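Chains A and B are the protein sequences, given in the same order. The UniProt record's numbering numbers the first residue of the first sequence as 1 and each following residue consecutively. The UniProt record's numbering numbers the first residue of the second sequence as 1 and each following residue consecutively.
Derived from the structure by calculation, the hints contain no laboratory data. Watch out, some of these pointers could steer you wrong.
[Stated by the list, open to error] The following residues of chain A were derived to be distant from chain B, with all beta-carbon distances above 12 Å:
#: 1; residue: K153
#: 2; residue: V166
#: 3; residue: R174
#: 4; residue: F250
#: 5; residue: S256
#: 6; residue: A285
#: 7; residue: P297
#: 8; residue: G305
#: 9; residue: A336
#: 10; residue: R357
#: 11; residue: E358
#: 12; residue: R392
#: 13; residue: K394
#: 14; residue: L396
[Said to hold, decoys possible] Cross-link-like lysine-lysine pairs, in silico, PhoX-like; alpha carbons within 25 Å at most:
#: 15; chain 1: A; residue 1: K442; chain 2: B; residue 2: K20
#: 16; chain 1: A; residue 1: K394; chain 2: B; residue 2: K20
#: 17; chain 1: A; residue 1: K394; chain 2: A; residue 2: K153
#: 18; chain 1: B; residue 1: K131; chain 2: B; residue 2: K34
#: 19; chain 1: A; residue 1: K218; chain 2: A; residue 2: K234
#: 20; chain 1: B; residue 1: K78; chain 2: B; residue 2: K34
Please read these numbers as outputs of a predicted model, since none were measured by experiment. All C-beta atoms, glycine included, are put in the ideal place defined by N, C-alpha and C.
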Amino acid sequence: MYGGDEVSAIILDLGSHTCKAGYAGEDVPKAVFPSVVGSIDQMEVDATEMENNSGPAVEPKNNSKSLDSDKAKGKRKLYVGSQALGYRRDHMEVLSSIKDGVVVDWDAVEGIWDHAFRECLLVDPKEHPMLLAEPSSNTQQQRERTAELMFEKYKVPALFLAKNAVLTSFASGRATSLVVDSGGGSTTVAPVHDGYVLQKAVSSSPIGGEFLTDCLTKSLESKGMTIKPRYSFKRKETRPGEFQVVDVDFPNTTESYRLYAQRIIASDIKECVCRAPDTPYDEIAYSNIPMTSYELPDGQTIEIGADRFKIPDILFNPSLAQTIPGMEHFAEIAPAVRGLPQMVIESINKCDVDIRRELFSSILLAGGTASMQQLKERLEKDMLEESPQAARVKVLVAGNSTERRFSVWIGGSILASLGSFQQMWFSKAEYEEHGASYIQRKCP
Amino acid sequence: MAVSGMAVSDECKLKFGELKAKRNYRFIVFKIDKQEVVVEKLGSPDETYEDFAESLPADECRYAVFDFDFTTSENCQKSKIFFIAWSPEISRVRMKMVYASSRDRFKRELDGIQVELQATDPSEMSLDIIKGRAL
Numbered sequence: 001m002y003g004g005d006e007v008s009a010i011i012l013d014l015g016s017h018t019c020k021a022g023y024a025g026e027d028v029p030k031a032v033f034p035s036v037v038g039s040i041d042q043m044e045v046d047a048t049e050m051e052n053n054s055g056p057a058v059e060p061k062n063n064s065k066s067l068d069s070d071k072a073k074g075k076r077k078l079y080v081g082s083q084a085l086g087y088r089r090d091h092m093e094v095l096s097s098i099k100d101g102v103v104v105d106w107d108a109v110e111g112i113w114d115h116a117f118r119e120c121l122l123v124d125p126k127e128h129p130m131l132l133a134e135p136s137s138n139t140q141q142q143r144e145r146t147a148e149l150m151f152e153k154y155k156v157p158a159l160f161l162a163k164n165a166v167l168t169s170f171a172s173g174r175a176t177s178l179v180v181d182s183g184g185g186s187t188t189v190a191p192v193h194d195g196y197v198l199q200k201a202v203s204s205s206p207i208g209g210e211f212l213t214d215c216l217t218k219s220l221e222s223k224g225m226t227i228k229p230r231y232s233f234k235r236k237e238t239r240p241g242e243f244q245v246v247d248v249d250f251p252n253t254t255e256s257y258r259l260y261a262q263r264i265i266a267s268d269i270k271e272c273v274c275r276a277p278d279t280p281y282d283e284i285a286y287s288n289i290p291m292t293s294y295e296l297p298d299g300q301t302i303e304i305g306a307d308r309f310k311i312p313d314i315l316f317n318p319s320l321a322q323t324i325p326g327m328e329h330f331a332e333i334a335p336a337v338r339g340l341p342q343m344v345i346e347s348i349n350k351c352d353v354d355i356r357r358e359l360f361s362s363i364l365l366a367g368g369t370a371s372m373q374q375l376k377e378r379l380e381k382d383m384l385e386e387s388p389q390a391a392r393v394k395v396l397v398a399g400n401s402t403e404r405r406f407s408v409w410i411g412g413s414i415l416a417s418l419g420s421f422q423q424m425w426f427s428k429a430e431y432e433e434h435g436a437s438y439i440q441r442k443c444p
Numbered sequence: 001m002a003v004s005g006m007a008v009s010d011e012c013k014l015k016f017g018e019l020k021a022k023r024n025y026r027f028i029v030f031k032i033d034k035q036e037v038v039v040e041k042l043g044s045p046d047e048t049y050e051d052f053a054e055s056l057p058a059d060e061c062r063y064a065v066f067d068f069d070f071t072t073s074e075n076c077q078k079s080k081i082f083f084i085a086w087s088p089e090i091s092r093v094r095m096k097m098v099y100a101s102s103r104d105r106f107k108r109e110l111d112g113i114q115v116e117l118q119a120t121d122p123s124e125m126s127l128d129i130i131k132g133r134a135l
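With the hints as extra help, turn the sequences into a complete structure.
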């Protein structure tokens, strides 16, 4: 058993889109940064550094600082954190560490953890117990690997793995609920009963905030509006109030970096103008709605009309995505992807009859995309129409958008700060005695 | 599972046992105080559902058990013991988290609960719902 001293625990929630890290007991995570990493093959790095020395190109002054974060792993160099990624580098690819809730690149995950501990929180992981949030579908193999890494590499004194959906459910005061977590990379529907995730009934779809952002980008492009990534132009004030935009060409920029930089802007447009429509989107009915304007970083002002409603409606009706020029490739997976209400109903129907009623009346909407305006109202309305007559439907969201976005992290933060929780940790001593597989017993 | 590891005071088990066996309470309200679940209020057998509902604070979480008497369609007198996790939406996140993560452990200590409810506002534990779940 881990004694639990006065040192506060660290809470890490590594999602497919952003990583949230901070101290137990606090209200919000201290650090929030992208969970993608920039990567440059080492050979090419040498070459670019030569170029930089000869040319006038400016290297950022924080070279010494970035050296710590830029882990040279094998033959590539990783760049982690919003700042390191914000700076364009030749040949830098942007890679995601997680796909569909599963870690695909452990080096990148280590890079992210390093960045969180050493640069964001400035802590020595040896001194702090760690509580990690994990996706509901995490495999035994992944959990053991996590335990091994945490105890062997970071030498943490104690560890705990808690399921995303359970933390969200508890943070809203419920031990039984249906958690609809619409995040950046995907949307997951997970029933929680008495604090356990009912694994067989979990369903997920690749439609999350990022997918909507891509749809919006393509749709705008098809209408002749291009979003220029911030690095691709220079904006100068020629006379007070007058700006001149000059395009700059970086031929060695990778496509993945261009997309990353473009997504940052597009996702802001989405957050500013999009709103879930009250009824299923209809091309004709929305053809005359008033336009909303948005000023892009390069000074260009764009007008957005029906897309404001069409893009969010993709959550409810994924096949809409195929109608957007440039998203045709979605047709390949479209038949397997369900809209939000169908996912909820299917998931509930896979659960025991006795708890269905309770699940219908506690549908919890969480995750970054849950902050979309009118999303809760629309989901509740659709659920009322599609649920059995006798069911009492209730969709709940946290009061403010911070709680919605960080519900998982906040749940972990409170749990790990409880005095009574200190006896629950999987301690280093237990790990040394029983091995990594003991995680299954300690954190079922 | 993520559980808080909260302790349960002996008084909780004792009073629940009395409610179950001797029926000398209509309801019991429990609260979490300094890492332990303790008895906050006992309702005498002649108190009503309304008295019980009023005993739950509007902005704080509680656990409660309620002994519900009813008559079945075959005109048979029965009673069922309800366990209610009261977690109003306006209560603080910390409190919701503490109560939800301690609930499973606490419930196990109370042997003899027949129906469980979780409620975030009074309508979710109205007399109609209690009746509906009892039958």
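Evaluation of the provided hints:
1. K153: holds, 24 Å
2. V166: The claim is violated: V166/A sits with its nearest Cβ about 5 Å from chain B, within 12 Å.
3. R174: The assertion about R174/A is violated, with a minimum of 6 Å to chain B.
4. F250: holds, 45 Å
5. S256: Holds, since 36 Å exceeds 12 Å.
6. A285: Per Cβ check, A285/A is outside 12 Å of chain B; nearest 34 Å; holds.
7. P297: holds, 36 Å
8. G305: The claim holds: G305/A sits with its nearest Cβ about 36 Å from chain B, beyond 12 Å.
9. A336: At about 30 Å from chain B, A336/A clears the 12 Å cut-off, so the statement holds.
10. R357: Per Cβ check, R357/A is inside 12 Å of chain B; nearest 9 Å; violated.
11. E358: Label violated. Min Cβ-Cβ 7 Å, cutoff 12 Å.
12. R392: violated, 8 Å
13. K394: About 8 Å separates K394/A from the closest Cβ of chain B, which leaves it inside 12 Å; violated.
14. L396: At roughly 7 Å from the nearest Cβ of chain B, L396/A sits no farther out than 12 Å, so the non-interface label is violated.
15. K442/A with K20/B: The given pair, whose Cα atoms are some 34 Å apart, is violated under the 25 Å limit.
16. K394/A with K20/B: violated, 33 Å
17. K394/A with K153/A: violated, 45 Å
18. K131/B with K34/B: violated, 35 Å
19. K218/A with K234/A: Holds, at about 24 Å.
20. K78/B with K34/B: violated, 37 Å
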